[in-house]
Structure formats: structure tokens, C-alpha cells
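J.: Residue numbers (this note's numbering), protein chains in the order written: chain F, 7 to 467; chain G, 7 to 467.
In short, the hints are calculated from the structure, not lab data.
Not everything, but these chain G residues come out facing chain F in the computed CB check (under 7 Å):
| hint | residue |
| --- | --- |
| 1 | Arg-182 |
| 2 | Tyr-197 |
| 3 | Gly-251 |
| 4 | Thr-419 |
| 5 | Cys-420 |
| 6 | Glu-423 |
| 7 | Gly-439 |
| 8 | Ala-442 |
Okay, the calculated beta carbon distance ranges per label pair:
| hint | chain 1 | residue 1 | chain 2 | residue 2 | range |
| --- | --- | --- | --- | --- | --- |
| 9 | G | Arg-132 | F | Arg-317 | 42 to 48 Å |
| 10 | F | Gly-439 | G | Pro-235 | 57 to 63 Å |
| 11 | F | Glu-112 | G | Ala-404 | 28 to 34 Å |
| 12 | G | Ala-362 | F | Arg-11 | 56 to 62 Å |
| 13 | F | Glu-112 | G | Asn-128 | 30 to 36 Å |
Simulated coverage check for chain F against chain G, where a stretch passes if three residues somewhere in it have a Cβ under 8 Å from a Cβ of chain G:
| hint | region |
| --- | --- |
| 14 | 165 to 172 |
| 15 | 195 to 206 |
| 16 | 343 to 353 |
| 17 | 372 to 384 |
| 18 | 426 to 434 |
The structure displayed is predicted, hence computed values, not measured ones.
Backbone N, C-alpha and C define an ideal beta-carbon position, used for all residues, glycine too.
2 protein chains.
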Amino acid sequence: MTMNRLPAALIETLEHMLPGRVSVAQAVREHHGRDESHFPPALPDAVVFPHTTDEVAAIARACHAAGVPMIPFGAGSSLEGHVLAVRGGVCIDLTQMNRIVTLHAEDFDVTVQPGVTRKQLNAEIRDSGLFFPIDPGADATLGGMAATRASGTNAVRYGTMRENLLGATAVLADGRVLRTGGRARKSAAGYDLARLMVGSEGTLGIITELTLKLYPVPEAIAAAVCCFPSVHDAVRCVIQTIQLGVPIARIELLDTLSVQAINAYSKTALQEAPTLFFEFHGSAAGVDEQASTVQAVSKEFGGTDFSWANRPEDRSRLWQARHDAYFACINLKPGWRSLTTDVCVPISQLSDCIAATRDDIEANGLIAPILGHVGDGNFHVLVLTDPASPDDNARAEAFHDRLVRRALAHEGTCTGEHGIGFGKAQFLALEHGETAVSVMRAIKQALDPLNLLNPAKVLPE
Amino acid sequence: MTMNRLPAALIETLEHMLPGRVSVAQAVREHHGRDESHFPPALPDAVVFPHTTDEVAAIARACHAAGVPMIPFGAGSSLEGHVLAVRGGVCIDLTQMNRIVTLHAEDFDVTVQPGVTRKQLNAEIRDSGLFFPIDPGADATLGGMAATRASGTNAVRYGTMRENLLGATAVLADGRVLRTGGRARKSAAGYDLARLMVGSEGTLGIITELTLKLYPVPEAIAAAVCCFPSVHDAVRCVIQTIQLGVPIARIELLDTLSVQAINAYSKTALQEAPTLFFEFHGSAAGVDEQASTVQAVSKEFGGTDFSWANRPEDRSRLWQARHDAYFACINLKPGWRSLTTDVCVPISQLSDCIAATRDDIEANGLIAPILGHVGDGNFHVLVLTDPASPDDNARAEAFHDRLVRRALAHEGTCTGEHGIGFGKAQFLALEHGETAVSVMRAIKQALDPLNLLNPAKVLPE
Chain F
7 MTMNRLPAAL IETLEHMLPG RVSVAQAVRE HHGRDESHFP PALPDAVVFP
57 HTTDEVAAIA RACHAAGVPM IPFGAGSSLE GHVLAVRGGV CIDLTQMNRI
107 VTLHAEDFDV TVQPGVTRKQ LNAEIRDSGL FFPIDPGADA TLGGMAATRA
157 SGTNAVRYGT MRENLLGATA VLADGRVLRT GGRARKSAAG YDLARLMVGS
207 EGTLGIITEL TLKLYPVPEA IAAAVCCFPS VHDAVRCVIQ TIQLGVPIAR
257 IELLDTLSVQ AINAYSKTAL QEAPTLFFEF HGSAAGVDEQ ASTVQAVSKE
307 FGGTDFSWAN RPEDRSRLWQ ARHDAYFACI NLKPGWRSLT TDVCVPISQL
357 SDCIAATRDD IEANGLIAPI LGHVGDGNFH VLVLTDPASP DDNARAEAFH
407 DRLVRRALAH EGTCTGEHGI GFGKAQFLAL EHGETAVSVM RAIKQALDPL
457 NLLNPAKVLP E
Chain G
7 MTMNRLPAAL IETLEHMLPG RVSVAQAVRE HHGRDESHFP PALPDAVVFP
57 HTTDEVAAIA RACHAAGVPM IPFGAGSSLE GHVLAVRGGV CIDLTQMNRI
107 VTLHAEDFDV TVQPGVTRKQ LNAEIRDSGL FFPIDPGADA TLGGMAATRA
157 SGTNAVRYGT MRENLLGATA VLADGRVLRT GGRARKSAAG YDLARLMVGS
207 EGTLGIITEL TLKLYPVPEA IAAAVCCFPS VHDAVRCVIQ TIQLGVPIAR
257 IELLDTLSVQ AINAYSKTAL QEAPTLFFEF HGSAAGVDEQ ASTVQAVSKE
307 FGGTDFSWAN RPEDRSRLWQ ARHDAYFACI NLKPGWRSLT TDVCVPISQL
357 SDCIAATRDD IEANGLIAPI LGHVGDGNFH VLVLTDPASP DDNARAEAFH
407 DRLVRRALAH EGTCTGEHGI GFGKAQFLAL EHGETAVSVM RAIKQALDPL
457 NLLNPAKVLP E
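Isolated chain F (complex conformation):
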């Protein structure tokens, strides 16, 4: 056990503020020093569990005075090393701030604390007839989802955290409390600080309250599964569906290996072939109309076995299996890790980009299922690597580098929804150019001149 690097006075101050809610125990630090990424753990020196914005502000003031880094922590489900305490410091675990503050059902909005998870939110507002659509694979916290600009399977219809956060409260590096945005559906009042906080990955502020848009539960929902002769055909079906302007709620691609992984992990009996999962939302007539259009498009591209999941429990099982796909794929090689890629390209470029990526996987003998939110042009490759093999990891990293360059050549982005985190900082200038990175750096410097908020994330150091 290493000596704790925190000043004793800081720990005393924190313990005085949050009696019983400060831990320096090895097990607690270990739990907070890792996430779902393939990066090696990096432990914080202490973990604190605030309950209120004021407590987070007080923690920030104390850490700021002591010059100690702060790392916000939610569900720990990051795939990009967001929570790694690579410069040590205090991990601020926000999961005990898990209260729904105010539901304004008549305005379709809700204000929550950041530790509320997406499933918890939907469970608690069920009786309102409203729901919150954004669903990354994990049951992430809403604070973490805002911080990483997360999305999920139905962003194609409902947008991402960027479009669905109306307002936020955030604690700045020096402990000042920023309130931005609000409950109005639109505003042209000054710089869009709410959008600046979304996707800043805890490097500009610690989100302590969020106001989110909600949507009426559709009158009718229908889900379906369809197999295709090849990934290429499935992707062409997606492109055609999007280009026809069908307001589809979900359209997800799984390649054969992903389907095999899901069948093994989730005990499903899906046909093991390139597959699309669909979901349609609307009025009963609207859903019928969308579904028949998409069924016709599927046939055009050789789709077979268009099978329906009409009962809510069948739909839940289908989407739970989709959400568990990450764990299912990792489970293909027990004990291995996954380097999970996240590129996103314009829909017209999707087919070429995926085809070249599949060639690359085959040419390099990687075990790497492909799946993703292809209605947005976003797909993931889960490159499975043996943690004992440095060579494996190097091959995965080299593949990732090629994939990102390929996506950028197709006018895409290195990350559709996972964020930059610790692992993709080297791609930031490649994607946006040096001027954009220097502007981001100037903003970071203006808001956090001591570089205390989640250091070594987003911006290359």
C-alpha cells in the first residue's frame, strides 16, 4: 500500500465536512480507480461522497486551496478511462446524489441530481406517461452521460445529451457554483455554457444538477429483427431507411459474431447472421406505416425473417440483449479486455467505412465484433485483447489508429458517444485541427488555470 499523497490537513477538512463520507481505504480507492476501459487502473488518494451541490462546492474549495486534483465519478461505466486518477487526487463519487429534484410533467422536463441513473429515472417517472430516451449500454448516471455527451440506441430519433439537456448546475474548479440554461425550451441569452459543460468530461466543472427533456411514451411501439445476407446489405438497408426520412426510433446493426456472443450470453436464439434491430414509435397508424416501409426496404436488400417483438416483455428482452452486447462480446474470451472503438461518419460514408474496417479486421486476424447505432452513422468495433499480451494490445491500438484515420477521411469523428477521455486525446488535433485544440486549451486555462478538474483528460498534455 502506497503512502497517501494528500496533505493530512485536506483529509481532516474533508472529514469534518462530510463525516463518515470520506474514504482512503484501498478497496474503495481501487473501486474508483478503474472503469470499463482497457486502460490500467489509476487510484485516487481519497474518495468522497457528497449529498448536495453545496458540499461539492465546499470539497472543490478545499481541493483548490490545496492544489489537489478532483475526479468526478458516477457509475464507473466509462469506456475511455474518464475516471482514472492519473494525477492522483480526490475522487468525488456522486452516486449518493441520486434524487429526482422536480418533475414538471406538464412541461416534459425533469430536474435530477447527477447520480440518478437512466433506468432509475425511467422507473421513477413511469406514472407520468413520459420517458427519457437516451440509453448508453450501461445503466450510467445522468451526470456522467451529460459529461461525456452520451447517446445510445435511439439518438437517431431523440438526439443525444447535447440536444436533451436544458440546464445544469456545475461546480467550478475553485468551488463557485455555475447555473446555466434553464427550463425554457429555447434561449438566445448569452454563450451556451450548458452545451460547454456537456461533453467536457469533468474537466471544466462538476455537474451537480441537470434539467432534462422528457418525451411522451409513444401511443404505439413496435420492435423487429431482420437478418441480411451480409453486413453490407444490412448497412445499405439502414442508409435507405434514413434517406427515406422514416422517423425510426432505433436501427441497430449487429454482425454475425456479435449475434453469436449475444446468443451465448443472453440465452437468446437469434439467427446467427448480420442483423438489424428496429424500433418504431408513434401512433398505431404511424407505426404501421413506418414498419411497412422499412419491411419493403429490407426485402430490397435481401432481408429475411422480419420477425416482430410486439409484447412489451419481448421488446425489453430484445433491447436488454442489445444493451448487454458489450459484456456478451467480452465474454467471447473470458479474462480478456476490449478496446472499444466509437467512430461515427455521415450515413452516405457508412457502408464504405464499415467494409474497409472489416477487411482490416480480417487482414490482421483480430477477434473484433462490430455493432452499433448505424442510423447515426456510429458503430463500435470491440477489439478483444489478451491483457497478458503486450503484442495484442499494440495490434489493437494500431487498428484503432487506422480506423480513426479512416473515419476522419470519411468526414467523420473519432468518437460518436464515448468521449475523448484518457485514450483519444491524440486524435483531437487530427480531427479538429490545432486551432480548435488551442481554443479548447484556452477555455480550460480560463476556467481551471491550476488544471485540477480531471487532469489529463480530453486535452493532450
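Please arrange chain G on chain F, whose structure you already have, making use of the hints.
T.: Relative to chain F, chain G alone:
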């Protein structure tokens, strides 16, 4: 005629860069020193007409070296004094940068120069089957619309410039060229600089290229007009429609005085009563479904004469009349100006906020039609003032102050779509708090330390 305050060397440099495209003529400066707001004109010292991003960058480098302010200029249709050269300097007129750069019809996006107007864009892409929905009253430039985070009559369905700008190129105060965002539908790659530029009103960068989302022209469109016994009833109909989750494309309120103004100005024969304009987009069946729901809701609140505009030319006439409402209302008192308010509140607060505002108008004997994009909770009061009467103006300003405080008390914003500009800076801290304003100021300082980009706008000086 005042002496030109610009260094002679700067004018020479600009003339050398842009031969024949630099003007210091009084008439040109007067044209560029005013907009549609009620503020007195403030003339720039020179006006330049660049054609490319590189030219704008060169202008910025020259002005930066000379310490001279720069004011971007589009259609001059601002209602908030955005283009007033209150510290003198060089007006950068972007209207000659009016080319559509690339249309990606298959990806539903288009890249344009900033001087392209919304009507020009829709005319030029007509054959693609796509359209750009955002429509402020004026035929504004898309650069200006992005800079002010504009919206219009169908934001309730399609969002504002915030949601519809995918990427942008902007020239910074020192002439560096920032590229941000891109063509992917979503990205989690770093700070959202595109959203920071949207609504920054030319104070952080000069937008020289924009990539915008487009939408398929709906299979079916239907528009209708309905009268109500009172504004209160009309607003309750709006609230109910929104709360039912009807995906309405447009739902606009006009009070009796607005309708009278429109009839006089646009030679229409609308019944002179509180009125809603509706538009429905979707499949033929979808539009029928929406329309019959809304018709039923209208009846519930005493709506009568639900009359349809089914032919495209009737619809165009209806919406042109709506878009001309601003000029129609001003025309109620020829020679007078309008102080145009722009508050936006959560939909549940709309009825109370409008009722209190009407009481205020009556109690103070103002001539002030009310109209607006009530599906978003956004409404305008056009307070007509005699420019010859300082008392009139003071009464209008006092009314505006009360209205903004009322909207903020209803958890709204001082501006839904017009921006802060020159006139609302005093409300920024009231709405967002001192911390938010200080963060905005820190960002401005980081990006434009010499305060050369559109000084005295957005942030109170």
C-alpha cells in the same frame, strides 16, 4: 461628416487586400450602422466585403494588429442592435459570401457561406426534396442566424440553430481559422466549440462557413387558422396540444391587434380575433391524425372557424403574412419604431405570463400587439413608440424590464431567439447569475483579449 477614426495604414492595407471592396462612403456606413432595432444608429468607420474565409482572416489579422474593432454584418435584420458599431471600427459585410458550397442530399446536410439567406438556401436546394426549416421573420443570412441562435415559426418541431448547425468555420479575433464540428450527426470529441459559436453574436468569432442539417420535404403538409374567444383560450389550446405530444410543425399565436395589422398590411381577410395559425407535417395519414386531434382540442377551448389552407399558394400567403407581421405591426403607426420583446417560458407558465403581460399593457395604455411561437413558450410584444417622444421610449423600456422579470419569475429567459445584442446585456446576470456572466467574460477574455470582436454586445461593459 466626422473624421474617419481608422489609421490610414489600415485602410490602405484593406484596400490592397480587397481592391474595390472597401468603402468609407457615408451612405454605405449609414446602411451598415443600423438594423431593425429601436436603437439609434452607430456607424462603422469602414465597410469591407470579403469573398472567402482567407480574406476574412486577413482582415482580422490587419484589424487585430491595428487594435480596431470588427463587426460582422449579414442582412441587418437584427432586432437587438447587434450590428451597431458602438466603438467604431470595420464592418465586415458577409453578404457577398453567398454561395452554397456543398449539398450532401444523401446525408441531409449542406455547407454554405454565411451570407446565404434562408430563402435563398431553400430556393437553391428545392430540387433535392429537402428543406431547411428555420425561419425568423426576416430573410436573414444563415451566418447571422447562427450567430444569434435564431429560430422561428417551426422550432417547436425542428429546433433552433443550436440543434441544426453541425459544423462551422470561424475566424478568431487574431485571424486564426477555427474549424469545429463536422458532418457526423453526433460527436463526443472535445468541447462543443460549434455550440459556443452559435449565439455568440460575433463576439467570439466571425462565422465564415456553416454546415446545416436539412429535412425531407414532408409527404403531406396542411395549414389551418382558428379563432378563439380570448388569448387565454388560444394559449390553453396550445398548451393542451403540446402536452398531448402532437408533433405539430407550427403553432403561432396572434392577438386581435396583430390580426388587424396583418389584414391592413398584407390585404388578408382574417377574422379579427385572437387566432392560432397551425401547420402539420407528415405522411398523409399522419397529418390527418394530427389535424383531427388539434381540431378537437380547439373546439374544447371555444375555437371556431377552423379553416384550411391546403393549396401551396394559400399556405405560402398565410405564412408570408405571418412573417410580415413585424412590419405590419410597425405600420399601425407609420414613422414609429418598435421595441420588440422576446421572452420565452415553460409552456405551463405561458398562460399566466401572457395574461399578466396583457394586464400590464392595458394598465399602461401601450400600443403593443402580442404574437409569437407559443408552441415553444416564446412570444413577442411589439411595443410601438414615437421616436420623437423620450417619454414613450422610457415607458416601453420600463414595460420591457417588468416583462423580463416576470418571465424569469416563471423560469423563463429574457430572449428566446433574438439574442442579447446591445439591448439586453443588463438582463444577463439577472437571468444566469454573476458566476455565469463571469465565466462568459473569462471565455471572451481568453479568445478575444483585446475586445475587438463586436465589442459592447452580449456582455455588459
